[in-house]
Structure formats: C-alpha cells, structure tokens
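There are 2 protein chains.
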Amino acid sequence: MERVTVKQAADMLLGHDDILILCHHSPDGDTLGSGYGLYFGLKSLGKRARVLCPDEISGKFRFMLRGYRDEKFEPRLIVAVDIADKKLMGRLEGAYGDKVDLCIDHHVSNTGYAAALCLDDTAAAAAQVIFAVLEQMGVAPSSHIANCLYCGLATDTGCFRYANTTAQTFYTAAKLVEWGADNGTIGREVFDTRSRARIMAENRLMQSLEFYYDDRCALAVITLQDMADSRIEQSDLDGLTALPRQIEGVEVGITIKEKEAGVYKVSVRTSTYVDACALCRQLGGGGHIRASGCQLTGTLKQVKEQLLTLVKDFLKPL
Amino acid sequence: MERVTVKQAADMLLGHDDILILCHHSPDGDTLGSGYGLYFGLKSLGKRARVLCPDEISGKFRFMLRGYRDEKFEPRLIVAVDIADKKLMGRLEGAYGDKVDLCIDHHVSNTGYAAALCLDDTAAAAAQVIFAVLEQMGVAPSSHIANCLYCGLATDTGCFRYANTTAQTFYTAAKLVEWGADNGTIGREVFDTRSRARIMAENRLMQSLEFYYDDRCALAVITLQDMADSRIEQSDLDGLTALPRQIEGVEVGITIKEKEAGVYKVSVRTSTYVDACALCRQLGGGGHIRASGCQLTGTLKQVKEQLLTLVKDFLKPL
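As you go down the protein sequences, you meet chains A and B in turn.
Those letters in the first sequence? Residues 1 to 318, by the UniProt record's numbering.
Those letters in the second sequence? Residues 1 to 318, by the UniProt record's numbering.
Hints should not be assumed to be uniformly reliable.
Which copy is meant is left open, because identical chains are indistinguishable; a pair holds if it fits in one copy or across any two.
[Stated by the list, open to error] DSS-like cross-link-like pairs, simulated, lysine-lysine; straight-line CA separation at most 30 Å:
(1) 175 with 7
(2) 99 with 312
(3) 86 with 72
It is worth saying that the hints were derived from the structure and are not from the lab.
Could you put the whole structure together from the sequences, leaning on the hints where they help?
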C-alpha cells in the first residue's frame, strides 16, 4: 500500500477511463455522496464510470441517482470511497476486496487494503476529500455534484453539529453552496424529516427510560414486542441510540435493543469523559471513545445489571 | 434613519467610548451572541461597554457571560443588536426605544427605529453581521468572542440546517472556528441536549398527533392538564412547534397549545408550498411564509374544526 496525495489521486483518475467506484455496505450519505459525486465529476470529464453499492439505497439519498446511467464495462481503475476495511464491502468483498487500485477515505482506522490510499483523517467526511480531488481535477461547478457531496458532508457531521466539523469542513460547505448545493432542501429532507414509524420508535424508547447514578446514566430498551406492536422496522431505529445521551446531565447513555430472544445489542454513548470503547471492550465489544457497542446474552435484567455494574466503575465519584 | 455600511458602523463604534448594547426580549442565541460578542470585541479595544437584556438568560447561553463585568455609566453610544422593532425591547423600550444610535441587524422587517441602521438582510444571523463589523474594527481573534458569535450563527440557522444558511454563513463559521470557537461543544450542549421535562413534552405532543387530508396535515395538542401532569414548563415548549411538520409527507404541521381555559395559541409550519402567513392572517394572526401563528378561542373541538376547514383550502387537490 502506497499513500498518495490529493494531487496524485487526481492524476490517477485523470489518467484512466472505465472507472469503477465502490461504496460500503449499509450505505450512508457519505459513502453515497462521495461515490455519486465522484461519478458525476468523472462523467463531466467525458469518462465512463459506474457506482457499485452492496446494499439498497435509502429513499432520502435516491436523489443522487438523478442522471445516473448504469453501464457495464471491464474496469481499468477500481476506486473505493469511504471504505476503511475491505470487510465493509459486504457482498462486493469477494469480487473486489483485493483489487482496489485507489481508496479515498477519511477514517484513521483505514486498514490499507488498497494499492494506493488517499487518506485525510482530519476530514469530517470522505466527501470533503472527494471535493478536494474534484477541484484538483478541474471539474466544473455542478449543482448536482454539489448536492451529493454536501449530503455526504452533512450526514457525517450531524449537519455540522459534531466535534469532527473543522474550519475546513465549513470552507468546503461554503464552496459547495457556491457550486449550487441546495443546502436548505437537504437540511429539511435529511435532518428535519422523520417517518411516523420513526416517531413511534422514539416514543417507545423514551417511555422506557430509566435513570441511574444521580441521573448521570440513562438507559433505554426496545424489545421485539415493541417493534411488532408499533410496526417498527430495523431501519426506523438508525441513530436512535443517540437519544438517551442527549438528556441534560447524562454522561452515559445506553440503548439496549433485543435482537432475538435472549440476545441484546447494546449501544453506549458518552458525553465528555467516560471511554465508551474501554467500557464495551470489557464486554467483548468496541468502537470509538464516545460511541461504542457490544452484544450481550441472558435475560434483560441480567444484561442491565451487567452494564450498570460496569458503568459505576467508569463514572467519577460525586 | 440613515442606512450605514459595515465600515461606517465600525467607524461609529471605534469613534466612541461608553457603549451600551441592547438585546431583544425572550433572548435567543443570536441576540445574546451578537450582544456579548460585540461587548468583548469592544473591551479588547480598551473601551467601556455594557449589555442590557430585558429578560433572563437561558442556562445554555450563560457561558457567554464568562468574564463579563457589569459596569454602570452614562452611555455615549447606544447600540441595538438583532432587534427588528423597538417593541421587541420589552421592559427596556420605555428608556431606550427612541434613543438607539446604531442598530446592527439582519431582519428584512427592521422598522428603522434607530438613527443609523447597519442591515444585511441576506445574513442568516445578526452574529454574521457583527463578525464583519469586528473584523473591520481590527478586533484580534478570541475564542470567547468566537464562541458567542458561533452560537448566534448556529441557533438562527438550526445549526446550519435551515435554508437561510448561505455560503457566507459557512465562511463566517469557518473563520469563527479558526478564531477558536469550540463548535463541537456548542453543537452538543445547544443542539444535542434535551431536558427530561422537554422529553416529556415531546412525548405528550407526539402521542396527541392526528393526521388529516391523506396525512398531509398533522395536528398536535398540548393542554394545561398535560403540562401539569408532566411538570412541563412553558420554556420546555420552545421549538416544539417544529415537530408535527417534520413528519414524512406532512405539508402543514399544526401545534395547538392551551394558554388558558378556552384560549389556544396555534402555530402553523409548512414544508414547501402552503403560505402559513396567509393562512394565519385569515384567523387574525400572521408571521412568515413557512412559520406563522394565531390565537383562537372556543372549545378544542371548535378550534380544530376552524383550522382544518381552512387548511383544506390551502392544500393542493390530490
């Protein structure tokens, strides 16, 4: 694996035709925005390109496909966007896991599976790096490309709320708006719109809230019965794990989702000092310092007790 | 009233000492961020200044007062920030309503009550204009000033979600982060934190949801009884009126709050085409095209019927 600069990545792309772009599984706004943003940038330079995504694309991101034509060809350059590990390619891993020529990414944890890696781990989103590459390639401003990349930037930063948002993120957003990104519509449709099932899911979760340790730990549960009763789908639960931590005064927010009888998926979110990753590692899981997870088995009561005993050790004495 | 440029406003401020700064009533992040941002900018230039705010400052904005020293003096220059109309001065109107030397604002509806008006109605927040004025005055970068102004910018744009966010807004945000704004903490504390009472209020409201006209109209109610039952305060209801409209497919979101027995405060929010202001004007209210309100009397049933009959006329035929 060779590390390459934005300029070198742009040169690789300029020097090839028939470019295949890969997105990661369970595609989010950033892998899709990066993939389609790059696709339309390459098309505008007269190149043949194609995007492969291992899973279905959520309705709110389908606007990115406007003008996309799926063409089959023998790829001359295979590019992965926002994919930190070849395992994240899902059903595409078998065919392409070891054949990626160029990976454009922002994850510090990138495993270096690609022949060339253009990585900016200070970037809030892969879309921020893709924008730099497109500018370097001389791609002309386009509102559709801008919408794809803006959506990537906004989704990976919680619409600029999260601490990963830097001055450079804001400069990129400013330029994308100048390119014609319809930021108001993306803000409303992606961040200010919730399905009715989603609202049901939030209500269920919030009604289950329990507080521990002087309200510094909030714990919420969603069971298979809740989901069946309210006709909630798995996809309605995305991001729901953020809610318990959002409550004023809460340092540790825990969400327990029943996966199957006796099996629970646990998400831990922390506010300012508890190391969620260290906490979850003690239970066989892991993740990031403020957002981690693990899977536990037993009765709900046992799972709660196991978690709460551990949380106590991580909270500062009052 | 004379319109002045950012340069002229900066010159007025540079040419005076003993400057009194006024904020509007029910102070939000923008009037406070503008007021305290300007205060600390003036202090850094060695001037005496003071901020007057007609109402109490919400806990989440109190960080702005760090380092503030309230000094009494006879003002030589009176500056209003983010105040579109002298009526919005609340209890300060009597003493200062007709004595404002300079108003720095971004509201297109500014009534021109000040001797000099520095207005940029393309700015998403007054804080965006204040930043331009401080830059013009040569104020040195300061992380505390940046935090005040960033908070103003973020609150008036729903943390950059709303359509009023322009490229210039993002450029200003980028520069404020370079000045040292702790955007991650402000994002978390102001936008990702909810009180327990607030969550109770949201749950109550969401449980009351009713849908009409092929789910294009969502209507929610919060009664005095709900508020008493769940110990919800008036301040917990801020911004709650946005929720019904956020539901997928909803064009008109209505929130009815019981103010006193038989008196209801109605908020109307619309997504893409219904003119909320025209709708509310027909009921004796008004506001903006996507966000308006009115006050209705009668039984809850009567109020709902009156609203729904009117909404029907404003919705496009299917």
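We went through each hint and held it up to the structure:
Taking the shortest Cα distances, residue 175 and residue 7 sit within 30 Å of each other both inside one copy (19 Å) and across copies (26 Å). Proximity of residue 99 to residue 312 under the C-alpha cut-off of 30 Å is found in neither arrangement, the shortest distances being 47 Å within a copy and 58 Å between copies. Proximity of residue 86 to residue 72 under the C-alpha cut-off of 30 Å is restricted to the intra-copy arrangement: shortest distance 22 Å within a copy versus 65 Å between copies.
When each numbered hint is compared with the structure, a violation occurs for hint 2 only.
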